[in-house]
Amino acid sequence: MPKPIVLQDACVLLNLLATGCFEQLCGALDFEFVIARAAAEEALFLRDASTNENVVLDLTELVEKQLLSIVDVETDEERQRYIAYATELDDGEAMSLALAECRHIALATDDRKAIRLITEQKLPIDIWSTVGLLQEWQKKRSITKNEMRQILVAIRDRARFVPKRPPEDAAWWNSFAQD
Amino acid sequence: MIQKPLDEINPKILGERLRAARRMSGLTQEQVADKLPYSRTTIVAIEKGERRVTEAELIAFAHEYGRSVSEFVRQREKTPALLPQFRAGPFSSRSVIRADTETFVQAAQELDSLAADYVELEQLCEMPLPMNYPPIYRVEGSFNRPDELGEEVAAAERARLGLGNGAITDLRALFQDAVGLRIFYYKMPTPIAGVFAYNDAAGGCIGINGQHPVPRGNFSLAHEYAHFLTTRYQADVALESGGWGRLLTEKFADSFASNFLMPRAGVNPRFSEIADTRQGQDNIRIADLVQLAHLFGVSVQAMCLRFEQLRRVPVGTWDQLKERGFRPDLARATLGLAPVADNRDLLPRRYLLLARRAYEEGLISEGQLAKKLRQDRVSARLTIEKLNGLIDAHTESGYQPLVVDFAERLVTA
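Chains Y and C are the protein sequences, given in the same order.
Mapping of the first sequence onto the numbering used here: position 108 corresponds to residue 108, and the numbering continues sequentially without gaps.
Mapping of the second sequence onto the numbering used here: position 392 corresponds to residue 392, and the numbering continues sequentially without gaps.
For the record, the hints were derived by calculation from the structure and aren't laboratory data.
Backbone N, C-alpha and C define an ideal beta-carbon position, used for all residues, glycine too.
Please note that a few of the clues may not be correct.
[Unchecked claim] With a straight-line Cα cutoff of 25 Å, these simulated DSS-like cross-link-like pairs (lysine-lysine) come out:
| hint | chain 1 | residue 1 | chain 2 | residue 2 |
| --- | --- | --- | --- | --- |
| 1 | C | Lys322 | Y | Lys164 |
| 2 | Y | Lys65 | Y | Lys122 |
| 3 | C | Lys4 | Y | Lys122 |
| 4 | C | Lys35 | C | Lys48 |
[As the list claims (entries may be wrong)] Pair by pair, the computed Cβ-Cβ distance ranges are:
| hint | chain 1 | residue 1 | chain 2 | residue 2 | range |
| --- | --- | --- | --- | --- | --- |
| 5 | Y | Asn174 | C | Lys386 | 17 to 25 Å |
| 6 | Y | Thr119 | C | Arg374 | 25 to 33 Å |
| 7 | C | Gly26 | Y | Ala43 | 19 to 27 Å |
| 8 | Y | Ala28 | C | Lys386 | 30 to 38 Å |
| 9 | Y | Leu67 | C | Ser379 | 24 to 32 Å |
| 10 | Y | Pro166 | C | Ser379 | 22 to 30 Å |
| 11 | C | Arg374 | Y | Asn174 | 29 to 37 Å |
| 12 | C | Lys386 | Y | Asp126 | 27 to 35 Å |
| 13 | C | Gly162 | Y | Ile70 | 45 to 53 Å |
| 14 | C | Gly66 | Y | Thr60 | 44 to 52 Å |
| 15 | Y | Ile70 | C | Pro37 | 56 to 64 Å |
| 16 | Y | Thr60 | C | His63 | 13 to 21 Å |
[What the hints assert, rightly or not] If you want the footprint, here are the derived chain Y segments under chain C, 3+ residues with CB under 8 Å:
| hint | segment |
| --- | --- |
| 17 | 4-17 |
| 18 | 98-108 |
| 19 | 139-148 |
| 20 | 166-174 |
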């Protein structure tokens, strides 16, 4: 049976790559991860926590290892939805939304505006957040609290991401920081 | 949300955007026709707005020109549209600056783009920029006496802003907060010191070469402000000294900058004070000049030339200092002067706060935020984090009102 596909928006991809455990995460989760061409073409960086310098991300290796595939709009409907969303969002986000909608695949995004659009337009798209994917990973593998704390610290330091909303995601995240 | 934007966008507007993007990428219609599976006649028709572009064509054009699709289908027309003024003025056929000189056009385009983003953020947050603009100073016919005119307008503007004759500690903050100008510092090619444009929708917009030292940038900023005060509807590209030859309006703007930053009634008494304390010894020294320049936030060269103009030092003093290999940076270091506060951030603080608000409220996406901040996503996140830190620092502790008993005696009996 084919694995369910999850399309990662650039914001989630950055967070997951910041963990330094992307390969293990992909191995544990029963998902086929894809990313929209427009999101992959953005100049993506993570911070080197020791030097605070930006380090450019090259997705080639991930693609070669089949951990991630790059997908593009192909049909007239996909192109039309892409352009419609591009009136409201940046290209990467717009193409991600169009592909998720037209191909009926889940979208991993933390972007408030993108999520608001999905809700307002009542789009039948399942949404995963960074925290949701980490929780799923935790469920599939016995990751200790200390290991997860280190992963969250890596995301915070390298991707400068700490969830503020939804409140349950923020509470889960903070439960690791409060010990 | 528009379901079929290409049916709703005026094909002429979309065609113009495509033509502009193609030209910016340095491609001719023939070259595009060679690269993409569309004939030149199709490209011509699309750019003229005679034929609607299809979704597939738009995506292909955007990709070929290295642009975002979102740039072409944005719902808001770019509000400032400052470029036509550059084309009519500094880039016109009569100008010393040629419109085909790509570097000049880029500096103007960047101002246009930054101002457009600023206005868009204000519209999204429903927070228009408060403007405290004076009426245009009517100076027609007076440009043939640029030095006097510069002094007159500078004195009037200082009075309007309640500045007295003292040094201005933060010129950018003054023009942004007290006047309501949009000021950006960014990299420009060496000969350009600053650019200015105005229209009624965007107000006064100024770009300053962010690679120039702070004192030099201040002079350029005051120079562009002179254009805002007098020839507001004419865009300007200020070149490094000498670049404009003998244009009277530029001489006036330089005179204004000199008088605004170093008013006669402000620098003369200080010069006299120093000279008086040195009575019987050698007169004002280089160190005094360096310290005065530091105090007024201008370069040593500008201060020296100002004193030459005021006949306080002999004409040619600066040239002599230069010939002797005088280095202002070394002089400042020798005197232990603290570096001038750097105000050359690309974006005004208000712009950043608006961007933060728009992002936090879900009015713009993270990708849009990064583009508005001219940063990658992670750097944009860091910028927001820092801004949140500043705001949280205030709100966590709460404002502590200072209770003052005005009846209290300050001197006990």
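Now for the hints, and whether the structure bears them out:
| no. | hint | result |
| --- | --- | --- |
| 1 | C:Lys322 with Y:Lys164 | 57 Å, violated |
| 2 | Y:Lys65 with Y:Lys122 | 36 Å, violated |
| 3 | C:Lys4 with Y:Lys122 | 18 Å, holds |
| 4 | C:Lys35 with C:Lys48 | 20 Å, holds |
| 5 | Y:Asn174 with C:Lys386: 17 to 25 Å | 20 Å, holds |
| 6 | Y:Thr119 with C:Arg374: 25 to 33 Å | 30 Å, holds |
| 7 | C:Gly26 with Y:Ala43: 19 to 27 Å | 21 Å, holds |
| 8 | Y:Ala28 with C:Lys386: 30 to 38 Å | 34 Å, holds |
| 9 | Y:Leu67 with C:Ser379: 24 to 32 Å | 25 Å, holds |
| 10 | Y:Pro166 with C:Ser379: 22 to 30 Å | 25 Å, holds |
| 11 | C:Arg374 with Y:Asn174: 29 to 37 Å | 32 Å, holds |
| 12 | C:Lys386 with Y:Asp126: 27 to 35 Å | 34 Å, holds |
| 13 | C:Gly162 with Y:Ile70: 45 to 53 Å | 59 Å, violated |
| 14 | C:Gly66 with Y:Thr60: 44 to 52 Å | 20 Å, violated |
| 15 | Y:Ile70 with C:Pro37: 56 to 64 Å | 22 Å, violated |
| 16 | Y:Thr60 with C:His63: 13 to 21 Å | 19 Å, holds |
| 17 | 4-17 | holds (count 3) |
| 18 | 98-108 | violated (count 0) |
| 19 | 139-148 | violated (count 0) |
| 20 | 166-174 | violated (count 0) |
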